[in-house]
Amino acid sequence: MARTPEATDFLYPFIEREERDAAPLMADLARSAQAKWAQSAVLRAETLQQGDARLRAVATAMATCFAAGGRAFTFGNGGSATDADAFAQLCTRPPWGEQLPVRSLAFDQAVLTALSNDIGFEVVFSRQLEAYGRRGDIAIGFSTSGNSDNLLAGFAQARKRGMLTVGLAGYDGGRMGASEDVEHCLVVRSDSVHRVQESQAAVAHVLWAFVQSALGPAEQLTDPDQKVAS
Amino acid sequence: MTPPSEVISPLAPAGADEGAPIGGLADDLARASLALARRFKAGGTMWCCSPTWPFHAHHIAVEFVHPVIMGKPALPAVVVPEGRDLVSTLRASVRSGDMVVAVAGGDEPAVAAAMRRGDAWGVETLWIGAGPRPPAGAAHHVLWLDQDDPLRASEQFVILYHLLWELTHVCWEHPGLLRPEVCTDEVCITCSDEGRPAEVISVQGDEAVVRTPDGRERIDTTIIDTPSPGDLVLVHAGSAITSLESGR
Chain Y
12 MARTPEATDF
22 LYPFIEREER
32 DAAPLMADLA
42 RSAQAKWAQS
52 AVLRAETLQQ
62 GDARLRAVAT
72 AMATCFAAGG
82 RAFTFGNGGS
92 ATDADAFAQL
102 CTRPPWGEQL
112 PVRSLAFDQA
122 VLTALSNDIG
132 FEVVFSRQLE
142 AYGRRGDIAI
152 GFSTSGNSDN
162 LLAGFAQARK
172 RGMLTVGLAG
182 YDGGRMGASE
192 DVEHCLVVRS
202 DSVHRVQESQ
212 AAVAHVLWAF
222 VQSALGPAEQ
232 LTDPDQKVAS
Chain D
901 MTPPSEVISP
911 LAPAGADEGA
921 PIGGLADDLA
931 RASLALARRF
941 KAGGTMWCCS
951 PTWPFHAHHI
961 AVEFVHPVIM
971 GKPALPAVVV
981 PEGRDLVSTL
991 RASVRSGDMV
1001 VAVAGGDEPA
1011 VAAAMRRGDA
1021 WGVETLWIGA
1031 GPRPPAGAAH
1041 HVLWLDQDDP
1051 LRASEQFVIL
1061 YHLLWELTHV
1071 CWEHPGLLRP
1081 EVCTDEVCIT
1091 CSDEGRPAEV
1101 ISVQGDEAVV
1111 RTPDGRERID
1121 TTIIDTPSPG
1131 DLVLVHAGSA
1141 ITSLESGR
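Those sequence lines, one after another, are chains Y and D.
Letter by letter, the first sequence follows residues 12 to 241 of the numbering used here.
Letter by letter, the second sequence follows residues 901 to 1148 of the numbering used here.
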């Protein structure tokens, strides 16, 4: 039903259903996108600059595990589960450098649904780490809040098994930042889930590059199927 | 492949591109967001695919299905099942009014073939990528990064689809702009039978059954070489007037 035009409508161009011209909204959205793009770039640069020494130290510890035959397991929920997958893919099918044994625990729906159904979602990572994890392996958990119960349970199990534990978190690090089970918690200091994830992607990439660098020039056994840049 | 000269290539904290305005890409994002909001409002489903980087497809879908901001509506976004022929899977899945979003390099043949079928299937197509661009007109919306570093490109894809999600929801709150576009031109290429793309379903002699956004049609194929199922043809006044390409 059409509403009756009011004298003050010009103050609220978007409030009613009569809006027809998309151009002003398009201009607003483009400006907003520009501003957020710039914010993301600033956060990324700050995160990597401030975290540089920490990232190198974590990468060295990870490289030591890999060099000794250790494997890494990545995990996370939602968008962070896709970050866990991305890191595993980068390590196993790298654009350059050494292939590394890294597997995402967020990937197998049979295992995830079995554990969720039979026990509960809080054990989906810890139970897998109990089965797969060995002393000298690495647990890498991705979270934006740093508060996910199943990640904290995973880290606790990993520590119990003598694994190296690395967490990526946002905000102030949340419970992961305060947990003794997370030996290295890399925090992207922002309270926007999206901006945190964007910089976490960069943190993961830099971590990977530093691990490659710490492992030294190895034979370049790169997956021939890997597509680069295209 | 050898490492780039700078091992810390992805670090590049003060690279020239970092804070640079994204220019036309921001306008492309805004237009794509409005198009997606319109399709969602009309009941469309968004199909997400990324043959090389499946995690990007999963990330896009989860953003829309389970928004990070409480109170935003859950919108139907789905990952196209991996490991199968992309065109064939989409053909079986999409319905007129849907959307297909791909994150892929400009030379990904399966994505190009899927996007080419957008008008025959009645789906809005959106191609996100970096490096060499796909040919002009390869998709309804092309969101392209001028970025040669594969890792930086991957990071920027995340920003792109986060913004795509956010802007789509802003558009969602402008119902006046989400109505179907009404055609008012006196002679309109879309409304007149000016040569519409269709996909061949089956062939019988000089006739074929084709898929169009409006459903199935039986057409005459006398004036083109006998097409095969999966082929794209241009239909005018009940006849195939040219074959657009071979299908699979």
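A hint or two may mislead.
Only pairs whose alpha carbons sit at most 30 Å apart, straight line, appear in this in silico DSBU-like list of lysine-lysine [what the hints assert, rightly or not]:
(1) D/K941 / Y/K47
(2) Y/K47 / D/K972
(3) D/K972 / D/K941
Simulated from the structure, these hints should not be mistaken for lab results.
Holds or violated: Y/K47 with D/K972, Cα cutoff 30 Å? With a Cα-Cα distance of about 19 Å, the restraint between Y/K47 and D/K972 holds, given a limit of 30 Å.
Is the straight-line distance between the alpha-carbon of D/K972 and that of D/K941 30 Å or less? holds, 14 Å
Pair hint D/K941 and Y/K47, alpha-carbon separation not exceeding 30 Å: Judged against 30 Å, a Cα distance of about 25 Å means the pair holds.
Of the numbered hints listed earlier, not one is contradicted by the structure.
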